[in-house]
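Numbering-wise (our numbering), the sequence shown opens with residue 62 and increments by one.
For the record, the hints were derived by calculation from the structure and aren't laboratory data. Backbone N, C-alpha and C fix where the C-beta goes; we use that ideal spot for every residue, glycine too. Some hints here could point you the wrong way.
Pairwise CB distance ranges, derived in the manner of DEER restraints [to be verified]:
hint, residue 1, residue 2, range
1, Glu109, Val84, 36 to 44 Å
2, Phe120, Glu100, 29 to 37 Å
3, Glu86, Phe120, 46 to 54 Å
4, Ile123, Glu98, 33 to 41 Å
5, Lys114, Thr134, 23 to 31 Å
6, Val94, Ile123, 38 to 46 Å
7, Leu92, Glu67, 32 to 40 Å
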Amino acid sequence: MQNKLESLIWDQKELQERFQMVVKEHKMMELLVTELEEEHDMAIAKIEKLQTKVKYFVFVCIPCTIFLYIYLTIKMI
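Kindly produce the complete structure, drawing on both the sequences and the hints.
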């Protein structure tokens, strides 16, 4: 009976240690997820900024360049 009680106490201690380890791992995982979410948000913001630059280039720079080319070509004639 005494051995069984000691065994149960030992098992309880092991389970408590495992539980504490799992809680620590869970907290670390939460921190990692938070960090990944922040990196994701920054990446999305960067993509949106680049999309704006591409739209500007396509809708402003290219037409202006074409217009300038046509204007200069006509002027030379």
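**Request:** For the range 36 to 44 Å, tell me whether the beta carbons of glutamate 109 and valine 84 fit it or not.
**Result:** holds, 38 Å
**Prompt:** Does the Cβ distance between valine 94 and isoleucine 123 fall inside 38 to 46 Å?
**Reply:** holds, 42 Å
**Request:** Check the following: the C-beta atoms of leucine 92 and glutamate 67 are separated by a distance inside 32 to 40 Å.
**Result:** holds, 38 Å
**Range hint 29 to 37 Å (beta carbons of phenylalanine 120 and glutamate 100) holds or violated** = holds, 30 Å
**isoleucine 123 paired with glutamate 98, Cβ distance criterion 33 to 41 Å** = For glutamate 98 against isoleucine 123, whose Cβ atoms are near 37 Å apart, the range 33 to 41 Å holds.
**Asked** Using the C-beta atoms of glutamate 86 and phenylalanine 120, is the stated range 46 to 54 Å upheld?
**Response** Since glutamate 86 and phenylalanine 120 have Cβ atoms about 50 Å apart, the given range 46 to 54 Å holds.
**Asked** Lying within 23 to 31 Å: is that true of the beta-carbon distance lysine 114 to threonine 134?
**Response** holds, 28 Å
Hint violations for this structure: none, all hints satisfied.
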